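In order, the protein sequences belong to chains A and B. According to full-length UniProt numbering, the first sequence is numbered sequentially starting from 1. According to full-length UniProt numbering, the second sequence is numbered sequentially starting from 1.
Keep in mind that the hints were calculated from the coordinates and are not lab data. Computed from a predicted model, the values in this text were never measured in an experiment.
Which residues of chain A face chain B? A partial, calculated answer using Cβ under 10 Å:
no.	residue
1	Val54
2	Ser57
3	Ala80
Yeah, the Cβ is synthetic: ideal placement off N, Cα and C, and Gly gets one too.
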Amino acid sequence: MSLYFTKEHEWIRVEGDVATVGISDHAQQALGDIVFAEVPDAGRSLAKGDDAAVVESVKAASDVYAPVAGEVVEGNGALADDPSLINRDPEGEGWFFKLKLADESELAGLMSEADYREWVKTL
Amino acid sequence: MTESTDNLATLPLDGWHRARGARMVPFAGYDMAVQYEGIMAEHLWTRNHAGLFDVSHMGQLLLTGTGVAEALETLLPGDIIGLKPGRIRYSLLLDDKGGVIDDLMVTNVTPEGGDEAYYMVVNGATKYGDIADLEERLPARVKLEHLTDRALLALQGPEAAAVIDSLFPGVGDALSFMQGTSRDWEGVALGFGRSGYTGEDGFELSVPATHAEKLANLLIADQRVRPIGLGARDSLRLEAGLPLYGHDLDCDTTPVMAGLTFAIAKRRREQGGFAGAERILGQLADGPPQKRVGLLVEGRQPVREGALVLDREGNEIGRVTSGGHSPSLGRPIAMAYVATALAEEGTALTLEQRGKLFQASVTPMPFVPHRYHRKQGAA
Numbered sequence: 001m002s003l004y005f006t007k008e009h010e011w012i013r014v015e016g017d018v019a020t021v022g023i024s025d026h027a028q029q030a031l032g033d034i035v036f037a038e039v040p041d042a043g044r045s046l047a048k049g050d051d052a053a054v055v056e057s058v059k060a061a062s063d064v065y066a067p068v069a070g071e072v073v074e075g076n077g078a079l080a081d082d083p084s085l086i087n088r089d090p091e092g093e094g095w096f097f098k099l100k101l102a103d104e105s106e107l108a109g110l111m112s113e114a115d116y117r118e119w120v121k122t123l
Numbered sequence: 001m002t003e004s005t006d007n008l009a010t011l012p013l014d015g016w017h018r019a020r021g022a023r024m025v026p027f028a029g030y031d032m033a034v035q036y037e038g039i040m041a042e043h044l045w046t047r048n049h050a051g052l053f054d055v056s057h058m059g060q061l062l063l064t065g066t067g068v069a070e071a072l073e074t075l076l077p078g079d080i081i082g083l084k085p086g087r088i089r090y091s092l093l094l095d096d097k098g099g100v101i102d103d104l105m106v107t108n109v110t111p112e113g114g115d116e117a118y119y120m121v122v123n124g125a126t127k128y129g130d131i132a133d134l135e136e137r138l139p140a141r142v143k144l145e146h147l148t149d150r151a152l153l154a155l156q157g158p159e160a161a162a163v164i165d166s167l168f169p170g171v172g173d174a175l176s177f178m179q180g181t182s183r184d185w186e187g188v189a190l191g192f193g194r195s196g197y198t199g200e201d202g203f204e205l206s207v208p209a210t211h212a213e214k215l216a217n218l219l220i221a222d223q224r225v226r227p228i229g230l231g232a233r234d235s236l237r238l239e240a241g242l243p244l245y246g247h248d249l250d251c252d253t254t255p256v257m258a259g260l261t262f263a264i265a266k267r268r269r270e271q272g273g274f275a276g277a278e279r280i281l282g283q284l285a286d287g288p289p290q291k292r293v294g295l296l297v298e299g300r301q302p303v304r305e306g307a308l309v310l311d312r313e314g315n316e317i318g319r320v321t322s323g324g325h326s327p328s329l330g331r332p333i334a335m336a337y338v339a340t341a342l343a344e345e346g347t348a349l350t351l352e353q354r355g356k357l358f359q360a361s362v363t364p365m366p367f368v369p370h371r372y373h374r375k376q377g378a379a
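Build out the structure end to end from the sequences listed, making use of the hints.
Here it is as structure tokens:
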């Protein structure tokens, strides 16, 4: 299992050829109280960088991008009823969607966990 | 609004906010505290206890000189001549077409037996424009002073009066909603007005900048008081159905369109004589082309400023001017301008935001009832 991050503050956890995607703890803190999340339906095909999900705090709306290309295998249905899961457990239960990787080589372009944690300290 | 991060001025409580962990954002030319522990918690704290807001970015003006009230009545549609000492009125600075240059609060601060004087609080983002406009359009005999050496704090919520009474005995008793007074405190003059922009009972306190931290510390030493950022101020005023200048109000809107006809005094309706009176009185008689309405939005997703309001055929018939999640109601709410024929309570409307459609219905405002402190029998 490997964990990667993007500069847009998504995380991606890869197990076999399926990746789980969410937003980082840093991102949820910056957004503040999250009141709404919309996740993609299973079967949707995403190119790297596509708008994949929407997350809204009391303050503002943000897009969540697909860190890599793939087909969505599951959206996190729990977020519709309780979007505050993203605040409480952003890198766990507050995941957004799972996708089947189209091209594993895209992972090489992402940040490692250690690099990301160091980088966000500089923001 | 685009904000430059250059040349940000510093308000008297800047360091005080930072020391308490506030997240600061640029607004109206200043670094401002947007939140402390979180907008939701701060919002609900204010609805249940007492929230302390730093609104020092707002413009505090003092207008003096013979005939100030008459002069102000040429620009504002309120009854300023009839405003008694110690009384506050919400009013609007109008342009010659009846458009709203700013909304504001005027207090008659004429001392007993002294020369007439009016204290005015205007919006932070518009204050320099307001001052230039007032200086241009008011006669030279009126002296306008911008009180840049004062900070402004607001204490809002159901426990605000008890807090004020414990610290400044008698002030709460002395004041009903829209009344003001002043007290000597620590050797300086502290101005109190019982008003605010959250829909809750509350007080605004004008204090010399030199004493702002001391006053803020005194207030938050009370367990019922917590500092609240501008984020919650916005969600509170939206629930209260109160328009925000630059969003729900601007030069393209008249007080009649905005649903602020209560600010046009009866005598002024009969006599006119204020800027834009012809158009405004015409709209009062015949109805405005558009009206500001409250909307309950179905679902959970907030619909925000800029979303389109569509009729059944999909034609744009208005725009959302404020919108978001209501922490008290746990649902999205919004304000919009729509054609008057569609402003009736219960009218079903469609909203469009980023290509997605939302169903909404027109609902009376406020969304959350006001809890102002009005004394029995008081006007």
